[in-house]
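> Below, each chain spelled out in residue letters.
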Amino acid sequence: MAYPYRHESETRILSRGFGDPAARTVAGWKAMGGYEGIARALEIGREATIEEVKASGLRGRGGAGFPTGLKWSFMPKDARRPHYLLCNADESEPGTFKDREIIRWTPHQLIEGCLVGSYAIGAAHCYVYLRGEFFESTRVLARALEEAYEEGLVGTDVMGSGVDIDITLHVGAGAYICGEETGLMSSLEGRRGEPRVKPPFPAAVGAFGMPSTINNVETLAATPHILRHGGEWYRQWGTEKSPGTKLFCVSGHVRKPGNYEFPLGFPMMELIEDVCGGIPNGRALKAVIPGGSSVPIMSAEDCRECSLCYEGVEAAGSMLGCASVIVMDETTDIVKQVRRMAHFYAHESCGQCTPCREGTAWATRILRRIENGRGTEDDLDTLVEISEQMTGTTICVLSDSLAMPIVSSIEKFRDDYLALIRRGERVGAA
Amino acid sequence: MSDARFRNPGWAGNTGEFDLTEADVRGSEFVGEQPLDGGHPSVAPSLPYMLVKKDPEAPLFEGPYLERFEKIRSRYPMARAALIPALNLAQELRGHVSPETMDEVAALLGLSDAFVRGVATFYTMYNKRPVGRFLIQVCTNISCNIRGADEVLAAFLEHTGTELGETSSDGDFTIAEAECLAGCGFPTCVQINSRYFEDVSAKDVPAVLERLKREVNDGF
Ligand SMILES: Cc1cc2nc3c(=O)[nH]c(=O)nc-3n(C[C@H](O)[C@H](O)[C@H](O)COP(=O)(O)O)c2cc1C
Ligand code: SF4
Ligand code: FES
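One line per chain: the protein sequences are A and B, in this order.
Be aware that the first sequence starts at 1, since it is given in my numbering, and climbs by one per residue.
Be aware that the second sequence starts at 1, since it is given in my numbering, and climbs by one per residue.
Source of the hints: derived by calculation from the structure; they are not laboratory data.
Treat the hints with care, as some may be off.
Claimed, not checked - Every beta carbon over 10 angstroms from chain A, so not counted as near; a handful from chain B, in silico:
#1 Ser-42
#2 Glu-57
#3 Glu-70
#4 Ser-98
#5 Leu-157
#6 Ala-207
What the hints assert, rightly or not - Estimated spans, in silico, between C-beta atoms of each pair:
#7 A:Phe-74 - B:Ala-79: 48 to 56 angstroms
#8 A:Gly-209 - B:Asp-37: 25 to 33 angstroms
#9 B:Asp-170 - A:Glu-270: 49 to 57 angstroms
#10 B:Ala-79 - A:Trp-233: 43 to 51 angstroms
#11 A:Glu-270 - B:Asp-19: 27 to 35 angstroms
#12 B:Asp-19 - A:Lys-198: 21 to 29 angstroms
#13 B:Ala-58 - A:Glu-270: 25 to 33 angstroms
As the structure is a prediction and not an experimental result, all values here were calculated from the model.
Positions of the beta carbon are idealized from the N, C-alpha and C atoms, including for glycine.
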């Protein structure tokens, strides 16, 4: 087997070159149709490029699912001020491991995506903001980018079109919040990665005070394929509201975790049971977090009919997010895992907003108390109350991101909390 | 399908299950030499800054490093944007970023000491104190956690005889807890200096440490 993540029923568009070292070179990528997408974009022009992406229905893969073509169309049309494309390669949402895979196996797929995006929004410079920890994959991308410059694919006069597009790799230094779009901009400008109040939106005042668009790695990587084959082609997969294919990052208690590419709308249970080989050791499913740790947790029952598209996961009471499916079997200690998440968000809160700074810290303390058998039933009400105060009250949604797993876990796994509380009470009484 | 652990060649090379070598997975041959002057300006800010070799007294930005720094500066429309790449470079040379280093960087970039300290302390990858030749960061976030990351972390502490954040007496190892490293599919994911080691279980720990000891002089 060449590559661990593979299943015969996949639809491999983004992941076709995964596991094939040849795909890292310009020649290898071109042999797979690479650089034909940007060539077509340059041929049809900016407006038509945006229209093609709009027609595809591609939605942002960084978590929020915002339509990419529409986002691009918000950029000012005049060229009086420099425009910037920012590629968000800060991948740090717990459970998510797709962008690193795109970067290390198919660096030219991302470079080409950056070219398409930059061209569409009239940016002469694209910054790829890479997570600091990604040293190895960053250097693969770096070598590929040098090669792309040598071949005249990036830089002055891209592919002889007269259009100039530079790409610069910018490496971060460890902070989850730099993945938030305005936090990323602050960090790129050499500041603390603190998110900014919107409006103004990035398309008006973004990086370096100039109109900017920010897109996730997987979003940009999909665009060359859309340009090459057309928006309609992309719509042959997925649903009306969630067109195309998506990398599903499956982790946790399955026999074959990994990145698998399927059309959006793929049934969750088929992914877990057939593609990933099911749960080992004959255990039963307990819970799934379908979109990375910032979304509501689902019970096994919620998963049964759930299809993995934006509207499907929403109907099942959660969110698709980055499609990071974290599978938990019956032995999982839910309270401990929610406490671990709370610890993460408390550690990563940038501290600007009181409800977030205080809320994440308090929630962590209360959850630890419950975990250690010193909690009370009132603590559960307090947790829900804190979570309510943390929702919709802050500059960015990091705060909401902890509130969701807390509230949903108390709602769906209240018995787990109560068992710890009761056990503590019995020990205390004895 | 068997319940046998599904192994990634992330650190062990060919495990017999995949015909990819470790070099294939890491892309190390493709990457090749990494010139100190940073190579093409587009990639000059992207060199690894967690290395075995550390010289806390190293001068900042001389020779090829100065060349690299000038390339970096040419890529941003405002001078301040070179701050994080400059701090990265300082850690690459010195192994940690002390308050004195922060002030030196501030002077070089014409920024106030207070501003640079505020920025440098915001980011967790800057080692505020010296660390061992190998900084071993074990992810204990959710996907790794439910697959035994706490035991992996405990095994690293046990086999190096250290407490969290402390450096072993031979100066080789410092163990830290990390947040999700985006390698959740092959738990436990461990970052060791600039490399990832994936699919590490508690019983692999002695072999990983042995391997690192052999590599102390290889410059990773
Ligand atoms: C706390 C926080 C962390 C985020 N981290 C990331 C990240 O690591 N990568 C990413 O692409 N988007 C991340 N996002 C989402 C970005 O803010 C933004 O929506 C996204 O990059 C837009 O790209 P898209 O439209 O292509 O999805 C994060 C958002 C929040 C609130
Ligand atoms: S919500 Fe939290 S992370 Fe976001 S800006 Fe406010 S304090 Fe910072
Ligand atoms: S949870 Fe450990 S790498 Fe993501």
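> A separate judgement is required for each hint: does it hold in the structure or not?
Going down the list of hints, with the structure as the test:
Here Ser-42 of chain B does not stay apart from chain A, with its beta-carbon only about 5 angstroms from theirs, under the 10 angstroms limit. Residue-level check passed: Glu-57 of chain B sits 22 angstroms from the nearest beta carbon of chain A, beyond 10 angstroms. A cut-off of 10 angstroms between C-beta atoms confirms that Glu-70 of chain B is not in contact with chain A; the least separation is 14 angstroms. Even its closest Cβ contact with chain A, about 16 angstroms, leaves Ser-98 of chain B beyond 10 angstroms, as expected for a residue assigned away from the interface.
With a cut of 10 angstroms on Cβ distances, Leu-157 of chain B stays outside the contact zone with chain A, its closest approach being about 18 angstroms. The claim that Ala-207 of chain B lies off the interface holds: its Cβ sits roughly 20 angstroms from the closest Cβ of chain A, which is beyond the 10 angstroms cut-off. At roughly 29 angstroms, the beta carbons of Phe-74 of chain A and Ala-79 of chain B sit outside the given window of 48 to 56 angstroms. Under the hint 25 to 33 angstroms, the C-beta atoms of Gly-209 of chain A and Asp-37 of chain B, about 31 angstroms apart, fit the expected range.
In this structure the supplied range 49 to 57 angstroms holds for Asp-170 of chain B paired with Glu-270 of chain A, their Cβ-Cβ distance being about 51 angstroms. One distance hint, 43 to 51 angstroms for the beta-carbon pair Ala-79 of chain B and Trp-233 of chain A, holds here, with the actual separation near 45 angstroms. Between Glu-270 of chain A and Asp-19 of chain B the beta carbon distance is about 28 angstroms. The supplied range of 27 to 35 angstroms therefore holds. At roughly 49 angstroms, the beta-carbon separation of Asp-19 of chain B and Lys-198 of chain A lies outside the given 21 to 29 angstroms, and the hint is violated.
Checked against the hint of 25 to 33 angstroms, the pair Ala-58 of chain B and Glu-270 of chain A fails, with Cβ atoms roughly 55 angstroms apart.
When each numbered hint is compared with the structure, violations occur for hints 1, 7, 12, 13.
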